[in-house]
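From first to last, the protein sequence lines stand for chains A and B. The working numbering puts the last residue of the first sequence at 335; the count rises by one with no breaks. The working numbering puts the last residue of the second sequence at 335; the count rises by one with no breaks.
Calculated from the structure, these hints are not laboratory results. These numbers come from a predicted model, not from an experiment. No residue lacks a Cβ here, since even glycine has one placed at the ideal position from N, Cα and C. There could be a bad hint or two in this list.
[Claimed, not checked] Computed cross-link-like contacts, DSBU-like style, restricted to lysine-lysine with a CA-CA straight-line distance of at most 30 Å:
#1 A/LYS79 <-> A/LYS107
#2 B/LYS107 <-> B/LYS76
#3 B/LYS79 <-> B/LYS104
#4 B/LYS107 <-> A/LYS229
#5 A/LYS173 <-> B/LYS76
#6 A/LYS79 <-> A/LYS104
#7 A/LYS229 <-> B/LYS104
#8 A/LYS104 <-> B/LYS173
#9 B/LYS104 <-> A/LYS173
#10 A/LYS76 <-> A/LYS104
#11 A/LYS76 <-> B/LYS107
#12 B/LYS79 <-> B/LYS107
#13 B/LYS104 <-> B/LYS76
#14 A/LYS76 <-> B/LYS104
#15 A/LYS107 <-> A/LYS76
[Stated by the list, open to error] A few chain B residues that face chain A, going by a derived Cβ cut-off under 10 Å, partial list only:
#16 MET106
#17 VAL194
#18 SER204
#19 GLU312
#20 ALA314
Number of protein chains: 2
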Amino acid sequence: MIALDANGADNGAATVAAGGRESGVPVTIFGPQAEIPAPHDDVVDAPVAITNDDEPARAVRARPDSSLVQATKAVKEGRAQAVVSAGPTGALMASATLHLKRMKGVHRPAAAVLLPVPGSPTLLLDSGANLDVRTDYLVQFAYMGSVFMEAVHGVARPRVGLLSNGHEPKKGVPQVVEANERLAAGPLNFVGNVEGGDIVSGELDVVVTDGFTGNVALKAVEGTAKMVGSIVRRAARSSPPAALGGLLMSRKLGQLRHELSQDNVGGGIMLGLRGVTVAAHGSASATGIANAVRLAQRAVDERMIERTEAALRDAGALRTSEPAISLAGTDD
Amino acid sequence: MIALDANGADNGAATVAAGGRESGVPVTIFGPQAEIPAPHDDVVDAPVAITNDDEPARAVRARPDSSLVQATKAVKEGRAQAVVSAGPTGALMASATLHLKRMKGVHRPAAAVLLPVPGSPTLLLDSGANLDVRTDYLVQFAYMGSVFMEAVHGVARPRVGLLSNGHEPKKGVPQVVEANERLAAGPLNFVGNVEGGDIVSGELDVVVTDGFTGNVALKAVEGTAKMVGSIVRRAARSSPPAALGGLLMSRKLGQLRHELSQDNVGGGIMLGLRGVTVAAHGSASATGIANAVRLAQRAVDERMIERTEAALRDAGALRTSEPAISLAGTDD
């Protein structure tokens, strides 16, 4: 059973509900029942929403009756195995961190997005949850991303890059330069600093960055792919010989559009938490929501949480000053 | 006369020299004469280079005989009107800041790149010169970018956006949230926070950000455009009907590739300095270098420096604590 938050999506609660229902996965929909087509036996009426205008952590604490918090609590209390939302990513992260908790030894959970780079999907993290990051966070993001691609997507020795403004190890803001040094000295398959263009090169499995840069880069990639695609289609219609060419190519272009669509990969996943938490794209279609629900179910079936935790532990990538082993008993 | 630094370009000094010579603009080429085809009457032999591995400010001070510093000094001493380099942007900025100086009242010069968004070119700044920025810098970048597009590119009331991880005014790291407040209260045609995808929407004339995010975003846009273009070409060749379509569309695709190429706009321009300084793309072809040289000449012809300075002053966007009016006499 997947707990599906129907509030906060660009296309409304009815689209989210339709996506959940067409996923083929059992869902409980938390949202405004009045906006969701009957039958309502899979709906928990929860009209209260958390929006992009709210300060995430405060809103999550102040509105226990919101659809997002109710859906998260369904996971916490064992009534559901994972939570999916197309609402504000910050609020989802805050709710999951508050109610599901982060894994022991993880500094900050990260929002990761699997980018549909044709041929070699690439995981980008953080994609918007942690705007300001310390060196420690970046290093841990690298381990969490690598483990995720290895455990859930079956990639052997994932190639990990650190996003910066140049390939040279000394390029970047101080925390990036420091993270580069630490990752280069560690056991990951670390290729070093990478640039914005490398995200879509198909030569990387994981790209690590802070949530501000990651969000900008993710949307720049999506926006550019869309822009170029629409220019190609316009060019295809603009003159008789090109129009014929465009007609003949239209199926190919449709495939490409599908391959590059976020709807295709189901959105983002929060790494470093004790419960499976999936952020569907805010503008997801019903198909995008269905894929997000299926991604959540796959993570449950693949025991992603346990495998990620085990692999982080095995890699020695957990925070070293754990309360259990620290005499001072300080936590972070 | 344009001073052209031939060192540091990905395609070598001969390509830079060829570009300068085909620009139709009088140039003096500063670089390794042994690598540049004769005749050498337009060459000043200057084999010493500053590379991406050097710390920019230190290298510029330590190597007065480098081609870059010699080219910059030619402008300072009135033997040339502008400097163009395809070498490391940081070194160019450091050399120009040291020898040409920034405009009075400008906190930090910015590297700006005119992105070839079809239909509506968009100026992105900072594209890599200032990795860490204060609120004041971002605000000034917005004014400098707006003035540049108005004065040199003839755009009336340029639409200015502030790059962030969401459109809402409260989204972003603290300096972005503060800059949004200040710009919204000012006289610019400020559209508010914009996301990575908006850079290529054709709905903005200026996008303001820090140099780290700007560099990542710029390269993400370029890399994605290239990736999608190459997929379309591959798709066009992959099956007989599509191949026919692709053949018929090939001229259109070639046009598109040309439109989206950085070679087409000649690279970046440094704003906020007292001399015209153009950064050609590191991987520029001879054509790209030629366009960079022509861009520099146009900025000279259009009196960009004087008009930018005047417009900044008129907009009240200069630093307020000028030595001339401050009793304490502190500068910055």
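Here's how the hints hold up against the structure:
1. A/LYS79 <-> A/LYS107: holds, 16 Å
2. B/LYS107 <-> B/LYS76: holds, 20 Å
3. B/LYS79 <-> B/LYS104: holds, 9 Å
4. B/LYS107 <-> A/LYS229: violated, 42 Å
5. A/LYS173 <-> B/LYS76: At roughly 28 Å apart (the allowed maximum being 30 Å), B/LYS76 and A/LYS173 satisfy the hint.
6. A/LYS79 <-> A/LYS104: holds, 9 Å
7. A/LYS229 <-> B/LYS104: violated, 41 Å
8. A/LYS104 <-> B/LYS173: holds, 26 Å
9. B/LYS104 <-> A/LYS173: Judged against 30 Å, a Cα distance of about 26 Å means the pair holds.
10. A/LYS76 <-> A/LYS104: holds, 11 Å
11. A/LYS76 <-> B/LYS107: Status violated; Cα separation ~58 Å.
12. B/LYS79 <-> B/LYS107: holds, 16 Å
13. B/LYS104 <-> B/LYS76: The given pair, whose Cα atoms are some 11 Å apart, holds under the 30 Å limit.
14. A/LYS76 <-> B/LYS104: With a Cα-Cα distance of about 59 Å, the restraint between A/LYS76 and B/LYS104 is violated, given a limit of 30 Å.
15. A/LYS107 <-> A/LYS76: holds, 20 Å
16. MET106: Violated - the Cβ of B/MET106 stays beyond 10 Å from chain A, reaching only about 25 Å at its closest.
17. VAL194: Since the shortest Cβ distance to chain A is 16 Å, the answer is violated.
18. SER204: holds, 7 Å
19. GLU312: With Cβ-Cβ at 28 Å, over 10 Å, it is violated.
20. ALA314: violated, 28 Å
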